[in-house]
Amino acid sequence: MSDVRRALQLLVGLVLYAASISLLVRAGLGNMPWDVLSEGLSERLGWTFGTVTVVVSVAVLLCWIPLRQRPGVGTVANVLVIGVLVDPFLALLGLLTDPLPLWAAIAMTVGGIVLNGLATACYIGTRLGPGPRDGLMTGLVARTGWSVRLVRSGIEVVVVAAGWLLGGTVGLGTLGYALAIGPLVHWLLPRFTVPLQAPAASVPEAAGA
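Note that the sequence shown ends on residue 208 in numbering that gives the first Met the number 0; no numbers are left out.
Simulated from the structure, these hints should not be mistaken for lab results.
Mixed in with the good hints, there may be bad ones.
[Unchecked claim] What follows is a list of derived Cβ distance ranges for each label pair: (1) R142 to A106: 36 to 42 angstroms; (2) A106 to V193: 44 to 50 angstroms; (3) P100 to R142: 45 to 51 angstroms.
Positions of the beta carbon are idealized from the N, C-alpha and C atoms, including for glycine.
Take these sequences, add in the hints, and give me the full structure.
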């Protein structure tokens with residue numbers, strides 16, 4: 000039963016993650032750090048956002064090799080599910096009026112950040128493998144001995160700067176995400192972490208058997 004819950008929770012978490020990305024991109028008030036890069040590359044290359052998301056994820060996974068990180072089922076699912084669903088979600092949100100009223104853009108931004116926190120807690124809580132970007136961070140922490148905060152901040156500053164130079168959207172949503180996602184995941188993760196079954200205790204053989 001635990002395995003079924005983990006699989007379903009992983010799928011739900013990744014679907015919600017794709018939806019949260021789409022909400023922030025459509026709101027136009029600032030993307031999550033890696034999505035600033037994806038949007039910038041999408042603008043430059045003429046590829047869809049989902050296609051760029053998959054390509055960037057695969058490129059990040061290649062960086063795992065020298066870091067000796069091993070992907071899990073959740074890692075592969077992260078790349079495929081999010082990459083496949085982002086474009087349909089964006090197409091659906093594209094049916095909304097353009098430009099969005101400011102109140103609607105703000106609501107979508109706040110909703111996207113909260114939804115991303117929930118989605119992150121869901122998929123990490125399954126313990127089926129980190130996403131490509133999380134694995135890059137933990138791999139660099141393990142290899143360099145630097146703090147998680149320093150490594151994560153350094154990575155995100157680089158990708159935001161590169162994405163902004165390429166035309167990605169940086170704004171209040173980006174800042175709001177940076178400030179809120181840590182506390183959100185910290186609060187939600189214990190509530191969605193699936194307890195792993197302890198191995199059954201071995202039964203001692205009867206004396207004289």
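Consistency of the hints with the structure:
1. R142 to A106: 36 to 42 angstroms: holds, 41 angstroms
2. A106 to V193: 44 to 50 angstroms: Violated - the Cβ-Cβ distance for A106 and V193, about 31 angstroms, lies outside 44 to 50 angstroms.
3. P100 to R142: 45 to 51 angstroms: holds, 47 angstroms
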